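As given, the protein sequences belong to chains V and U, one line each in that order.
Throughout the first sequence, residue numbering follows my numbering, covering 300 to 596 in sequence.
Throughout the second sequence, residue numbering follows my numbering, covering -5 to 183 in sequence.
No lab work stands behind these hints: they were computed from the structure.
Computed from a predicted structure; not experimentally measured.
Where is the CB? At the ideal position from N, CA and C, for every residue including glycine.
Among the clues, some could well be false.
The calculated label-pair distances, taken between Cβ atoms and stated as ranges, are [said to hold, decoys possible]:
(1) U/GLY150 / V/SER307: 48 to 58 Å
(2) V/LYS419 / U/SER99: 51 to 61 Å
(3) U/LEU122 / V/GLU536: 38 to 48 Å
(4) V/GLY452 / U/ARG(-2): 35 to 45 Å
(5) V/VAL420 / U/GLN92: 48 to 58 Å
(6) U/ARG(-2) / V/LYS419: 36 to 46 Å
(7) U/ARG(-2) / V/ARG506: 16 to 26 Å
(8) U/ASN159 / V/ASP570: 48 to 58 Å
(9) U/GLN149 / V/GLY534: 56 to 66 Å
(10) U/ASN159 / V/LYS423: 37 to 47 Å
(11) U/ILE21 / V/LYS532: 34 to 44 Å
(12) U/ASP3 / V/ASP570: 19 to 29 Å
(13) U/GLN15 / V/LYS423: 30 to 40 Å
For lysine to any residue, the following SDA-like pairs were computed, each having C-alpha atoms within a straight-line distance of at most 25 Å [said to hold, decoys possible]:
(14) V/LYS448 / U/GLU38
(15) V/LYS485 / U/ASP20
(16) U/LYS12 / V/ALA384
(17) V/LYS483 / U/GLY22
(18) V/LYS575 / V/CYS389
(19) U/LYS12 / V/ILE425
(20) U/LYS12 / V/THR479
(21) U/LYS85 / U/PRO104
(22) V/LYS448 / U/PRO104
(23) V/LYS483 / U/ARG19
(24) V/LYS485 / V/GLU496
(25) U/LYS65 / U/GLY48
(26) U/LYS168 / V/ARG414
(27) V/LYS485 / U/VAL140
(28) V/LYS483 / U/LYS68
(29) V/LYS549 / V/GLY534
(30) U/LYS12 / V/LYS575
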Amino acid sequence: MYKIMMFSGGVYKFNELKELVQDIGGFILQEMVMQTETMLHLAFPAEEEPVIKGKVKEVGGKLVDLPLAGAEIMLVAPSLGRHHAVDPMCDIAEFLRRKGAITNMMGLARGVGKRIAQIKVEEKKIIEECDAAVFIFGNFKECIEEKAKLCEGLEVPYIIVGGPPEMDIPHYVGGIGRRTERMKRKHEIEKLEQMAEGLRVELDARRREIEEDPLATSPLFIKELIDMTIPPKLGEEFSTIIHLDGLRVKLEPGEEDKVRQIEIGKRKLSDICEMKKSLYEGYLLKILPEAVTGSVF
Amino acid sequence: MEVRVEGGDEFANASYSKICQNVFRDIGLHSNVDNVYMYCNPAEHVFIISVKVGRVPSPVTVNDMTIRGDKRLKVTNERYVPRLLALLWDKFGERVKQLSRLEISVDLSPEEMQELMKMVVYDPREDLNTRILDAVDRILPEGARVRYPIPAQSQGRLTIIASENPITDEWKRKAEEMVSAQKLSEGGV
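Please put together the full structure from these sequences, using the hints given.
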């Protein structure tokens, strides 16, 4: 199992760290060099953590755990109006990104109100394309209780956030309701931490599930191969997004076949993945379990 | 500006009180509103908001925002420059030129210049209602789209009932009572 961490530090011997990660069978997921500052998202086998820590100590940098890395999280608000954005929607999204997640934002077509709040089947499908979801549901207890019913039946883990501190509904985190200012005070950050922790627990349970019935190959490995076949365009960020059990790939028309033909060990990508067009963006690759595909290598 | 929110639970009242304060501050009406009363009934999804308008600043004239020089105007308050330039170009056309960020040349006779200095650039009363309605719209929950304005019982008071359901006569009556009680507590303003 891979562990994903963030390195931040200077440029001194920074290439050596990258080489070491690749030597031990790890991957560089994100790289950002800002003059003399560098930031790397590293994925490496969990048992190699002491080796990486030793190297980071040598080059003089910081290594931070990213508990939500490798997951795409959808933030769902009743609408994209100014009642919900910028605060608290962007505060939550920023916080989740700091924890390593890739975030998307979505406003429901008819999500506002109490009695009239609805979610469309298509919206549910879009949410289910991601690994987890965070629903942002206002300040009134009565409305949150009613709206919590919208999330029932979702096949992905989710968290509901709202204003009232305590509520008797599952997956609820209080203290993050409708607001008009940035969440920057200590007690507000603690609430965001609590929400991220809730998501981590849900995602870890999913990760364990996947580990019990392992995938044919890791999404990190497939990402590396896709990026080698179809290099990211200039200025394009996140052309390939990792999910817990697959990937989201943004492709130009005509590139789908190239991806299907990528060779992984003895097999082609199309043999070990289900590929379908996403309702939201790009293509979704769902990696089949090894029990279905047989050994790849 | 005094804000009073009632009807919801303790947390909802406190948070909506803060939302009211922040929204009026963002829109720049904080000092023009005397008090805001809000009643929330999330169980029936009815929200009543009542805003009492206070003192409104007097109109801004060219003299208030510029220093007069020899065929020149030096801007002292940049906030109204777009309105000032639009007004000057509209009235005097090519005789007015913007030389730099804060300097405007005006090729006018002394009489015209005198008349110009008295011209009103911006009257805050012009868009006061629009701005208050914008604030009310930002405060009220998004789902409460059915609106009913209560006829003003005193000058400078604006009251709106909002809900996601049709607004019944009972709520209209209740709203009027609440606003009258509010008026009495202010000392019959």
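Pair hint U/LYS168 and V/ARG414, alpha-carbon separation not exceeding 25 Å: holds (22 Å)
Pair hint outcome, V/LYS549 versus V/GLY534 [Cα-Cα no greater than 25 Å]: holds (14 Å)
Supplied distance hint 19 to 29 Å, evaluated on CB atoms of U/ASP3 and V/ASP570: Between U/ASP3 and V/ASP570, where Cβ atoms are some 57 Å apart, the hint is violated.
C-beta pair V/GLY452, U/ARG(-2): status relative to the range 35 to 45 Å that was hinted: holds (41 Å)
Restraint status (C-alpha distance of V/LYS448 to U/GLU38 at most 25 Å): Holds. V/LYS448 to U/GLU38 sits at ~18 Å (cutoff 25 Å).
Given hint U/PRO104 paired with U/LYS85 - CA-CA distance at most 25 Å: holds (16 Å)
Given pair status - U/LYS68, V/LYS483, alpha carbons within 25 Å: violated (41 Å)
Hint consistency between U/LYS12 and V/ALA384 [alpha-carbon to alpha-carbon, up to 25 Å]: Holds: U/LYS12 and V/ALA384 sit about 16 Å apart, inside 25 Å.
Proposed proximity, U/PRO104 with V/LYS448 (alpha carbon, max 25 Å): violated (73 Å)
Outcome of range test on Cβ distance (U/GLY150, V/SER307; 48 to 58 Å): holds (56 Å)
Given pair status - U/ARG19, V/LYS483, alpha carbons within 25 Å: holds (19 Å)
CB-CB spacing for V/LYS423 and U/GLN15 relative to the 30 to 40 Å hint: 37 Å Cβ-Cβ, so the 30 to 40 Å window holds.
Going through the hint list in order, the structure does not satisfy hints 7, 10, 12, 18, 19, 22, 25, 27, 28, 30.
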